[in-house]
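Under full-length UniProt numbering, the letters of the sequence shown match residues 1 to 320, in that order.
Check before you lean on any hint, since a few could be wrong.
Below are the DSBU-like pairs computed for lysine-lysine, each with C-alpha atoms no more than 30 Å apart in a straight line [to be verified]:
{"#": "1", "residue 1": "195", "residue 2": "213"}
{"#": "2", "residue 1": "54", "residue 2": "195"}
{"#": "3", "residue 1": "281", "residue 2": "80"}
It is worth saying that the hints were derived from the structure and are not from the lab. Since the structure is predicted, the reported quantities are computational estimates derived from the model, not experimental observations.
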Amino acid sequence: MHTVTSPEQNVSEVEIQQAIRTGIERYFDDCRARVPAFIDRHFHYPGAIATNQKALGWDMLRAPINLLWAPVYALACLLKILTPKRPGLMWLHRLANRVPAGFTTRVQQHISHLILVDLLNNDQEGSLLEAYLIEALEAVYERHTCEPVDHQRFNTLIEPLVADTLSQYRVTRTAAADITNSISCTVLGAFAFQKFTPGGIGLGVVLASMLAKTLAARDFILGETIGGWYYSVFPPEPSLATTASVMVAVMVSLAAFAALSGVIFDPVQAAVGLHRRRLHKLLDHLQRDVTLSTQSSFRPKDQFVARILDTFDMIRAGLL
Numbered sequence: 001m002h003t004v005t006s007p008e009q010n011v012s013e014v015e016i017q018q019a020i021r022t023g024i025e026r027y028f029d030d031c032r033a034r035v036p037a038f039i040d041r042h043f044h045y046p047g048a049i050a051t052n053q054k055a056l057g058w059d060m061l062r063a064p065i066n067l068l069w070a071p072v073y074a075l076a077c078l079l080k081i082l083t084p085k086r087p088g089l090m091w092l093h094r095l096a097n098r099v100p101a102g103f104t105t106r107v108q109q110h111i112s113h114l115i116l117v118d119l120l121n122n123d124q125e126g127s128l129l130e131a132y133l134i135e136a137l138e139a140v141y142e143r144h145t146c147e148p149v150d151h152q153r154f155n156t157l158i159e160p161l162v163a164d165t166l167s168q169y170r171v172t173r174t175a176a177a178d179i180t181n182s183i184s185c186t187v188l189g190a191f192a193f194q195k196f197t198p199g200g201i202g203l204g205v206v207l208a209s210m211l212a213k214t215l216a217a218r219d220f221i222l223g224e225t226i227g228g229w230y231y232s233v234f235p236p237e238p239s240l241a242t243t244a245s246v247m248v249a250v251m252v253s254l255a256a257f258a259a260l261s262g263v264i265f266d267p268v269q270a271a272v273g274l275h276r277r278r279l280h281k282l283l284d285h286l287q288r289d290v291t292l293s294t295q296s297s298f299r300p301k302d303q304f305v306a307r308i309l310d311t312f313d314m315i316r317a318g319l320l
């Protein structure tokens, strides 16, 4: 972080920078120490139920829209990475930068609020990071001068970084739900239909084929039983309209399930350490950005993993 106040003659630039680094390190060390308790309160039972019950209501509609929009946002993020701020590509970079992440669900808002208030500020009013920095700087200034420390400048530097970092963390919730859907479809296809269905598209193709077979057998001239035998050997090809309708129904159902799946999968992710690693990564990037006064560098890879799984699902279903 750059110097936030003009030093007096008796206060060296080195002392101020060292005080800022010390305050930042102390703050983020304390945040990391709060991570295990934070996960226990909000991602293990019974906290996971309270966290995810926010999904009841409009989130059941927002979640399907977010999952369908997620590939567009992932492509925009990829474009921002591949098109740095060069004169000839600025228009593309600006265009990608305007693409929204989707609707913010109540669960995402709730978790962002918990991270901000509980983890980052330890349930205290105001910015706890600012308090750590002010305390470290005042200790230096007390040794040399009575000049006050500029509090407001800290808020100007810190707040945008925290806001962008939390926005990126919210994206991981959508990506995690998408990955959960892929895993659920694979398990369901394997046990219920003895088919490999790595996502909603693959599951939709299987169900469309089953529906086409059932409808064809029902209308078979020699009766439904014989029709079932016949179409087991010569399965009918489902129409494009049937396949598309079943796919949409499956995707919407999976997305609605994903809105509430955190009740099941948040404790699982907490048990295997995914929540811990994700929060530590958030804190590591935020510390780096605050220290170097850079733009937010927290860009979780979850959404790209989800898009790879979606691509594999489309290839398996014959759409790519």
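Each hint, compared with the structure:
1. 195 / 213: With Cα atoms ~16 Å apart, residue 195 and residue 213 stay inside 30 Å; holds.
2. 54 / 195: Not satisfied, since the Cα-Cα distance of roughly 34 Å exceeds 30 Å.
3. 281 / 80: holds, 21 Å
When the structure is compared with the earlier hints, a violation turns up for hint 2 alone.
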